[in-house]
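Residue numbers (the numbering used here), protein chains in the order written: chain V, 545 to 864; chain G, 50 to 378; chain Z, 76 to 427.
In short, the hints are calculated from the structure, not lab data. For clarity, every value in this text was computed on a predicted model and none was experimentally measured. Misleading hints may appear alongside valid ones.
Derived coverage of chain Z by chain V (criterion: at least 3 residues anywhere in the stretch with Cβ under 8 Å from a Cβ of chain V; other residues may be distant) [unchecked claim]:
1) 193-204
2) 218-231
For the chain V half of the interface with chain Z, some residues (derived, Cβ under 7 Å), not all of them [unchecked claim]:
3) Y758
4) K765
5) H776
6) N780
Each residue gets a CB set at the ideal place from its N, CA and C atoms; glycine is no exception.
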Amino acid sequence: MGRFLLGRITGAGIVLLLKSFVIFALIGLMPGDPLDLMMNANPETTPEQMAHLRAMYGVDLPITQRYWTWLVAALQGDFGYSRIQHRPVLDIIIPALGNTLILTGAAFVLSTTLAVTLGTIAALKRGTWIDRIINLFAFAGISVPSFWLGLLMIYLFAVRLGWLPAGGMPRPEQGYGGMLAHLAMPVMTLVIVETGGLARYARAAMIEVLSQDYIRTARAKGLTDRRMLVRHALRNALIPVLTLVALQLGGLFSGAALTEAMFAWRGMGRLILEAILGNDYNLALVCLMFVTATILIANICADIAYTWLDPRISLGKRRR
Amino acid sequence: MHTVYGMTALLETTNLTVSFGDRAGWFRPAREVLAVRSVSLALQAGEVLAVVGESGSGKTTLARALLGLVPIAAGEVRYDGCDTATMTAPQALAMRRSVQMVFQDPFGSLDPRLPVGAIIAEPLDIHRIGNPASRRARVAELMGLVGLPADAAGRYPHQFSGGQRQRIAFARALAPSPRVIIADEPLSALDVSIQSQMLNMAAELRARLGLAYLIISHDLAAVHHIADRVATMYLGRIVEVSDVDALFTRPAHPYTAALLAAVPRIGAGKWVPGAALGGDIPSPLAPPTGCAFHPRCPAASSLCATATPDMRAIRAGHDVACHHPLGTA
Amino acid sequence: MSGSWRITSLRGGRGTASCTDDQRPFRVATALTEPLLVGRALTVDLGPAHDRTSVITGLDFSLAAGRTLGVVGESGCGKSMTALAIMGLAPSPHRIGGVLRFAGQDLLTMPQDRRRQLRGADMAMIFQEPMTALNPVVPVGVQIGEMLIVHDNASETAASRAAVALLERVGIADPARRASAYPHELSGGMRQRVMIAMAIACKPRLLIADEPTTALDVSVQAQILDLLLELQRDTGMAMVFISHNLGVVSAVADDIMVMYAGRAVETGPAQRVLTAPAHPYTAGLIATLPDIGRRQKILPVIEGSPVNPRNRPPGCAFAPRCPLVIAECRTGLPAMVIVSPGQEAACIRCTA
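Pulled out of the complex, with its shape left as it was, chain V reads as follows (with noise of 0.2 Å):
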């Protein structure tokens, strides 16, 4: 268990090196630099100017120079400035990134305990109108497009209703009521956008399990429904649920984006997409790095799950 860590996280760090590379390659390929804003900026600029600070900055030396001098300051904790908000990007990504945390963690929680339950009531009442009524609420959220979702429900709850707000963050007197009812309709747009393709699947996996010799034993034993579903089939249900979950929790940091940018929430999503529209190169590579840096730890936790959950599988050992 120990080395299976060791070498994923290993893994993990040569992935995000290989990841901050290409990022930083591909900015660097963008028609432009930040010194071409300056200079549109200020169109007095004169060209032996923009030399000398081309040459300050350090922006005319070839790229693999320029990488080699970024990732010793970023391995030393130094991620640069932000250009438009003129603070270190560490102090801008940590409170952006606490907000995507609880606003994804919220809702991956909601969702995946509401898929695994309706997943597993459907495929209990396979056939009947209860399963039809899940299929059709699971089919409903895989194909509504979420920011048609949010719009809706902003008109719906805040314009009409007035019940919540329509967008931004809870000021901090305003306390947990306020953060509930800030986080109520992002949540909701992404639980409803997230559940139908996971309670499908749990549905499948459900009734696999279902089928199985031990659910037959477990019947032959005289156990009850429930303790039969709770002690036997939910567990196995869950392996191949995982996996899915596992690759889900990418998506639901790219999905968040757009409901973040909707919701006016502050978080990860909404950065990037100000730093890419803002031409704040420093920022977007530090924001990019990070989300991808938590979906690699959440893939790492996906993998300790699978040997709690199934005892077949055993990390760092390879199987006869």
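Since chain V is already given, all that's left is putting chains G and Z on it; use the hints.
Just chains G and Z now, kept in the frame of chain V:
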């Protein structure tokens, strides 16, 4: 014992060893499991040789090694006198045509998307034997040989019963006119009434085509019916080889005797508890010292725990690897 | 090498002290007047009402405490479905007709929850493939102890203690350590022992064993047969032993029921049926078996393959494969007739 009867064996192994293992890790040495240990066995042309033993005895790995499906760690496999390791390409091709395999599961071993005619013709296509017209004729001939109806060629495997699927697998194996058929538990997935049909078919094909069979089986009664010679395997080693009648009437290795005693027979009356061979086959990761069978052997002595017995002949055509063979004391 | 360790009957055996009735709330009372398990004209139809197929028709059987009924037949003959019907586990939707009584109680009219409480406690079942029949993600000790938690209201600690004792009872070495093992960490033989430990946990009066040794090696099969017979001798439980292997059935059964296409074609005392079969199918099954010590050049065969009860021919279902078939076989369904004391067969030639 490589050349019994003073002639070259059709398929033969000398000290064949197959090992499975994983590479060394950062903090762990490489582990090695010897699935087949120093097996010397010869199959003569036209002969039926059966390999029996419990699951985990290495009999399936032995069959796979003969077909070149698993790498050989030590020793050699010879076909028609040629070492497979140093064979020329044409020799290897000839061997692949001449040694065919029939698997246990007639449901899993046939491609469900191919019609039966195409399944049977596949080896002909692969080895580029004949032209399309002659292949069709050959398929029809093969289906006749194994007793499949003539209209079967256009149908798909799922439209056939287990017994008929095993006939299809047999026809496919016979397509490139092999000299040896290696069959891994060919009967165990079939119904009782179908097993006897298959046994008769196999015997008839052998007589008609001069085939040699190497049969991997745990069904001792079927083995007794069809085999000329039987080899008993335990934890990767051959512990006894003999012609079938001697082995079944006078088993010399206590393991063979225990296997035979464990077969319940019709009319023998009700079973009396207490006579079964105890324990399980040990893990090949940690094989016992000396004779691998000694922890379960009723006749084990202190010698058995330390010295691995060598194979020796106790009578003509009957070899056993045991310090205290039965019926000789 | 054989003979010396086999006797012909095991009835009676040792005392049944370990089979005491305890405070289990729904322990059924024994009716002295009838055998433990009785089936009369039992039919099982599967599928929804508009698309029913009959998989078992007109099955009669009875089984007394301490005795073993061997059920023999090829794939699809309905032998496993018979077991599932007795346990109340036939796949839904289904319709079960006829009479099915256990310890004087009507199983077919019993409330579902009462039926569930019987399962595991008074009638238990073991299956062919112990690898798939055990839950892969639950330690075996927990799977065994669960029986006592559900049926005897045992505490978790009492259940896990009992599980270790049961593992020891079924001959597993180092039971305390094995109790925390998962199924994949055990050998095939040990897994079947775990299944048996689970089945006998509540001292059932009926054990149904569906091909319990088919997936095992002959040596392990012998160990499992040993264990089952020993347990039966000690507890006096009745057994329904299902197998396609006539040798195995011969070794354990007192009585035999041979099934073909969802019907019983021959029943009677095991040794009688196996040595003097009256139905051509039974005779064919026995003759086609290769036997150690009886080597034949060509084996007798039953032509064709087993018929599915779903497309059973009119008349005798075995007629298309029967070497002794006459015209009447294809029209009238032969009735069970007595051919010798206790032995019955459903063949028109026995009637004539």
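- prompt: Looking back at the numbered hints, which does the structure fail to meet, lowest number first?
  reply: No hint contradicted; all consistent.
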